[in-house]
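Peer 1: Respectively, the protein sequence lines represent chains B and L. Going left to right, the first sequence walks through residues 0 to 280 as numbering that gives the first Met the number 0 numbers them. Going left to right, the second sequence walks through residues 0 to 317 as numbering that gives the first Met the number 0 numbers them.
Watch out, some of these pointers could steer you wrong.
Stated by the list, open to error - Label-pair ranges, simulated between beta-carbon atoms: (1) L/Ala1 to B/Gly179: 23 to 31 Å; (2) B/Leu3 to L/Ala78: 41 to 49 Å; (3) B/Ile193 to L/Glu296: 56 to 64 Å; (4) L/Thr141 to B/Ala251: 50 to 58 Å; (5) L/His256 to B/Pro190: 48 to 56 Å; (6) L/Arg288 to B/Arg274: 55 to 63 Å; (7) B/Ala254 to L/Arg81: 57 to 65 Å; (8) L/His148 to B/Gly179: 53 to 61 Å; (9) B/Pro190 to L/Arg81: 23 to 31 Å; (10) L/Gly53 to B/Asp269: 53 to 61 Å; (11) B/Arg274 to L/Glu76: 32 to 40 Å; (12) B/Gly179 to L/Gly68: 18 to 26 Å; (13) L/Asp218 to B/Asp269: 54 to 62 Å.
These are calculated hints, taken from the structure and not from any lab test. Just so it is clear, CB atoms sit at the ideal spot from N, CA and C, and this is done for glycine as well.
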Amino acid sequence: MSALRFLWGVARTPRGAVSAAVLVLVILCALFAPWLAPYDYAIQNLPGANTSPNAAHWMGTDEFGRDLMSRIIHGARTSLSVAITAIGISVVAGMTLGAMAGYFGGIFDRVVTAVVDLTWSFPEILIALLLIAIIGTGTESIIIAIAIAYLAQFTRLTRAQVMALRSETYVEATVNLGAGHAHVIFRHLLPNAITPVIVAGMLATGDAIILEATLGFFGLGAQPPTPSWGAMMSSGTAQIFIAPWIILFPGAAIAVTVIAINLFGDALIDALDIRNRLREV
Amino acid sequence: MALLTVTGLGVAIGNVTPLDGISFEARKGEILGLVGESGSGKSLTALAVMGLLGRIGGRVTTGSILFDGQELTILAEPAFRRLRGKRIALISQNPMTSLDPIVRIGAQIDQVSRLHLGLSKPAAKARSIDLMQQLRIPDAETLHGAYPHQLSGGMKQRIVIAMALAADPDLIIADEPTTALDVTIQAQIIQIIVDLVRDRGLALLLITHDMGVVAQACDRVVVLYAGRVAEMNTTQAIFAAPRHPYTASLIACIPAHDQPEGTLLGIPGTVPGVLNYPPGCRFHPRCARAIDVCHAEVPVLQTLTAGSVACYLQGVPA
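Working from the sequences, and respecting the hints, build out all of it.
Peer 2: Here it is as C-alpha cells:
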C-alpha cells in the first residue's frame, strides 16, 4: 500500500519519528490497557492514599489509594476512543454535508453555510457544553457533543475543496460522458478532496482530546470509576498541595499526546504539501 | 440520412446572444468540420448539442437540435444523461487535465462502458484494453493500470478518445482535440480519430480553428463567424473556391511551404466580442470587399448550387 509506505516515510523524518513513537505508545496503552496496567484501576486502598511515586507505584496513588499509572493507562483508552469516535463521526458527516453543499449549491448550500458559520463563530467548548446541557452527560453524550462541535470545520473544508474541484476539466469530462451526481461525488470529488480533510481530522483529534479532558474535568464525561484524564485532574485539584502528582501525571499525559498528534499532523502537512489547501477554509 | 440536424439554433447567456441562427447537419460516416476563430461559437455549439449549456449559465432560445429523430432542446436532464457518452460523446480540448489524477486510466475508461453498457468489471477491462490497442497504445495491458501522470500528452489524448468511444456512441464531438498537443502528435491523433470514425461509420463533429486539420480530416466544413454560419460546403469546394470573404481570408492565412520570408498573412482586427457585434454582416468591419448593404442588413444563409453562404457577394470571386 502506497499510503502505508508514505506514512512510514513521514515517520522517518525527525519530527515524524518522535511524534510517531509517542503516538504508537499511547495507542498501545489504549489497546492493551488491561494487560499493561500493573494494578486494577478501580481497586481502592485508603490506607495507601496519596502515596508519592515509588517503586511499587511509579506514579504514586490518588486520594483513594488507586494506582495512578494504571488509571492513566486506562485513561488513554477513554480519551482516545472518545476523541477518535467523535472526530470520525464529525469527518464523515462533515464531508457528506460539505460535498453536497459544494456540489449542488443553491439554497441547500446557503442553509448549510449559514448554520456552519454560526457554529464556527462560537468556541467548540461552548457548543459542546450547550449540547451536553440538552442531551445530558455520559460518554455517548460527549462523543456526540464533540462530533457536532467540530462538524463546521470539516464541512467548510470539504465544501471549499469540492467547489474548487467541481470545475476541474476531468470532472466535467466525466459529466460529458454521462456520469451522474453520485458517480461524480464519490468517485472523483471526494477522493480528490479527502487528503486535507484527513489531516485536519488528525489535528482535530488532538483538540478533541483536550475538549474531552475539559468536559471530564467538569465531570460531564465518563462517569466514575471509569478513569479519564480530565476527571483525574479534576480530583487532583483538591490534593494539589498534598499530592501534586495526581494532577501532574494526567496533565502530562494529555500534553504529550496532543503535542505528538500536532507534530505528526504538521509533518504530514509538509510531506503532503497541502498547507495552502488547509487554509482555503 | 442526417444523424444530427441543427436548425436555426440560438443560444443566450444572460441577455447576450453569442449564437444566432446556427444550422448544419452531421451524417453517419461523415466528418464535419466546425471552423472559426476563438469566440466564434464553436464550443458553445458543442455544449448546446450536449445539453451542457447550464454549466456556463446559457440556454437555447431558438431553433432545434434533432438527434436521430429526437428533439434535444426539450429533453429532460435524466434522459440527456443516458444519451451522453452512450449516443453522443464529447472529446474535450485538454487531455492534460481531462483525466482524474488519482484514478488509474484503465478504470476511467472502464467506468464509461460499465455505466452505459452495464458491463462487469472484467468485461469492461477487456473491452478497454481492446479499445486501447485499436488506438495504437503500446502495451495496453500494463498501461491499463497506470496513472495519468505516467503518460505523455499524446497518450493521454488517446485515453480520452478511448473513454469517448467506450460505450459505442453514434456521434462524436471533438472540441479541438489536438490543440494542446505537439504538431507532430497532432497529425497522428487526427489520423487515429479519422480512421476510427470511418471504420465504425460514426458521425464526427470536429471543432477546430486549424484549416490544416480541416484539410486533413473533414468531408464537409461549416465556417462560423461571430456566432453565425458564414459558409458551408464540402472541404474540396471550400478550399478550391471559398465563397465567403472570411473563408477566403482563413485559407489565405495558411502558410505555404515555399512562401517567402516575412509574408505571413493574417486577417486584420479580431472577432468582435458578443457585446459589440456590429450591425449588418458581422464580418464587414474586417472585410476588404464590404459594400454598403453589408453595414446595414444581415445576410441570410443562401443555398447555392453546392453548399451555402451568408454573403451579399454570393460567392462571386474577387
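Peer 1: I'd like to know which numbered hints this structure contradicts. Please list them from smallest to largest.
Peer 2: Violated hints (numbers, rising): 8 and 10; every other hint is consistent with the structure.
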